[in-house]
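There are 2 protein chains.
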Amino acid sequence: MIPPDHPRYRSLVVRERMAACARQGIVSWEGLTAHGRGEAFDYLIGERTTDSARVAERTAAAMLLAARHPVISINGNTAALAAPEIAALQRACGAIVEVNLFHRTEERVRQIEALLRDAGVAVFSGEAEQLLPLSHDRAWCRREGMYAADLVLVPLEDGDRCEALVRMGKKVIAIDLNPLSRTARTATLTVVDELTRALPAIANACTALSVSERKHLIDSLDNHYLLQEAIVEMTTRLAHALD
Amino acid sequence: MIPPDHPRYRSLVVRERMAACARQGIVSWEGLTAHGRGEAFDYLIGERTTDSARVAERTAAAMLLAARHPVISINGNTAALAAPEIAALQRACGAIVEVNLFHRTEERVRQIEALLRDAGVAVFSGEAEQLLPLSHDRAWCRREGMYAADLVLVPLEDGDRCEALVRMGKKVIAIDLNPLSRTARTATLTVVDELTRALPAIANACTALSVSERKHLIDSLDNHYLLQEAIVEMTTRLAHALD
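Protein chains in written order, with my numbering: chain A, 137 to 379; chain B, 137 to 379.
None of these hints come from the bench; they were simulated from the model.
Here the structure is a predicted model, which means the values were calculated and not measured.
C-beta: ideal position from N, C-alpha, C; glycine also.
Don't take every hint at face value.
To be verified - From chain A, some residues computed to sit far from chain B (all C-beta separations above 10 angstroms):
#	residue
1	D294
2	P315
3	H360
Unchecked claim - Simulated restraints on C-beta separations:
#	chain 1	residue 1	chain 2	residue 2	range
4	B	G230	A	A156	36 to 46 angstroms
5	A	I354	B	M304	58 to 68 angstroms
6	A	E263	B	G262	22 to 32 angstroms
7	A	S348	B	V302	52 to 62 angstroms
8	B	P140	A	D273	43 to 53 angstroms
9	B	T372	A	D379	27 to 37 angstroms
10	A	R253	B	R159	39 to 49 angstroms
11	B	V149	A	P269	24 to 34 angstroms
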């Protein structure tokens with residue numbers, strides 16, 4: 137047991153949860169390494185939601201509410217880190233939640249769907265088909281789910297899938313701590329924030345924003361500016377780190 | 137099989153090796169996450185040896201050759217990533233190589249020692265005692281090994297052990313891609329470079345440096361300057377990343 141007053145309590149609890157999910161097969165080996173990359177970038181933004189990330193989160197909420205058929209795409213790391221937060225966001229915005237894995241097996245899909253349902257998520261399940269223009273496992277999705285979506289929220293996604301979804305004409309919201317990643321640079325909107333901070337912030341904005349605020353956020357979206365602001369945060373913190 | 141002409145061949149081969157070693161129990165769950173953190177920082181220095189890292193590697197060689205009783209401390213990640221490079225460095229500088237684990241079990245120690253021996257390392261083994269001023273598993277080392285060392289090379293080490301070794305009056309050389317980590321800031325000398333680039337560079341410098349060059353490098357060691365230079369590399373790359 138980690139004592140709650142430990143200075144790194146939150147980070148240590150998250151690591152324990154990730155390790156437990158890796159043992160069960162919910163998180164892949166590659167997922168653990170990807171989590172480490174995220175930790176490094178989170179450290180560089182000060183392990184807090186920056187002002188520009190706050191704007192991105194409010195914009196994400198506005199886009200989710202404006203979408204005709206929004207879908208939240210879930211992988212192993214997202215389910216392990218934030219199943220309750222996904223349930224709360226689904227309640228706030230009404231999006232479909234669908235599991236889409238890079239390292240896909242029927243057993244992993246079943247385990248992740250069970251974990252999500254236990255946390256209160258209404259999971260869109262059933263027969264998947266190879267519908268996305270991607271090789272191998274990543275092509276699988278559901279015709280009435282991600283394939284039909286006009287907007288997809290992809291937390292912790294790989295660059296290939298993000299590009300494929302954008303090429304299919306969909307709006308894509310990425311949650312990615314690395315502002316230089318292909319996903320971050322390809323997405324319509326990138327939230328550079330840690331998942332369990334970002335999802336509640338988006339859910340809160342869904343209920344708090346007025347219609348005119350939502351319209352203003354969507355009209356003024358400039359993802360290049362948001363990424364540049366995240367980079368400025370990182371360089372500023374790095375430059376003063378040894379002071 | 138990953139095709140050798142793949143643009144990310146080296147990185148993908150390393151990840152496969154890490155996953156294989158994780159399956160065998162040589163690399164811990166935490167080790168995979170730590171590897172991911174390293175990947176993120178390596179990306180920020182351009183996945184190459186910087187000029188300041190080259191100076192640090194030459195200084196590391198000079199310090200290893202000047203030491204009375206140098207010891208190289210090996211953990212699971214180091215063995216998985218660089219067993220042949222450890223063997224080559226041992227041949228070049230004559231250091232003792234000793235396994236010291238954060239998540240210690242007799243089985244893991246045995247596996248890692250076998251992996252090192254298969255790669256040609258002369259492993260200093262035998263009875264360990266709880267000799268370091270650290271809690272739990274990390275206190276274990278050998279009386280004639282790390283405990284007696286005047287200099288310890290700790291690749292990919294945790295901050296607690298680095299601090300404990302420095303407090304015991306030992307010189308510590310760290311190889312750590314994060315110039316802000318407690319290890320990086322506590323060590324006598326920090327090499328901010330990726331392990332499989334750093335170890336061969338140190339081994340080469342062991343044979344290439346003249347006696348007067350070695351003396352000059354040791355006399356002019358300024359670890360704060362080396363860390364600051366690594367940070368300047370990262371901020372410069374980040375600042376131009378979206379150009």
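#### Entry: Least C-beta distance from A/P315 to chain B larger than 10 angstroms
A/P315 not clear of chain B: closest Cβ-Cβ about 8 angstroms, inside 10 angstroms.
### 36 to 46 angstroms as the expected CB spacing between A/A156 and B/G230, which holds or is violated
Given about 43 angstroms between the Cβ atoms, the range holds.
### Query
Between B/T372 and A/D379, is the Cβ distance one that fits in 27 to 37 angstroms?
Cβ of B/T372 to Cβ of A/D379: about 18 angstroms, so the range 27 to 37 angstroms is violated.
### Message
Holds or violated: the 52 to 62 angstroms window for the beta-carbon distance between A/S348 and B/V302?
### Response
59 angstroms, holds
#### Entry: No chain B beta carbon within 10 angstroms of A/D294's
13 angstroms, holds
### Query
Falls inside 22 to 32 angstroms, the C-beta gap from A/E263 to B/G262?
60 angstroms, violated
#### Entry: Cβ separation of A/R253 and B/R159, checked against the hinted range 39 to 49 angstroms
29 angstroms, violated
### Task
Determine whether the Cβ-Cβ distance between B/P140 and A/D273 falls within the hinted range of 43 to 53 angstroms.
24 angstroms, violated
### Task
Beyond 10 angstroms from every chain B Cβ: check whether that's true for A/H360.
Since the minimum Cβ distance to chain B is about 7 angstroms, A/H360 lies within 10 angstroms and the statement is violated.
#### Entry: Verdict for A/I354, B/M304 (Cβ pair) under range 58 to 68 angstroms
Holds, since A/I354 and B/M304 (Cβ atoms, about 60 angstroms apart) stay within the stated range.
### Query
Taking 24 to 34 angstroms as the hint, is the beta-carbon distance of B/V149 and A/P269 inside that range?
27 angstroms, holds
Consistency note: the structure conflicts with the earlier hints numbered 2, 3, 6, 8, 9 and 10.
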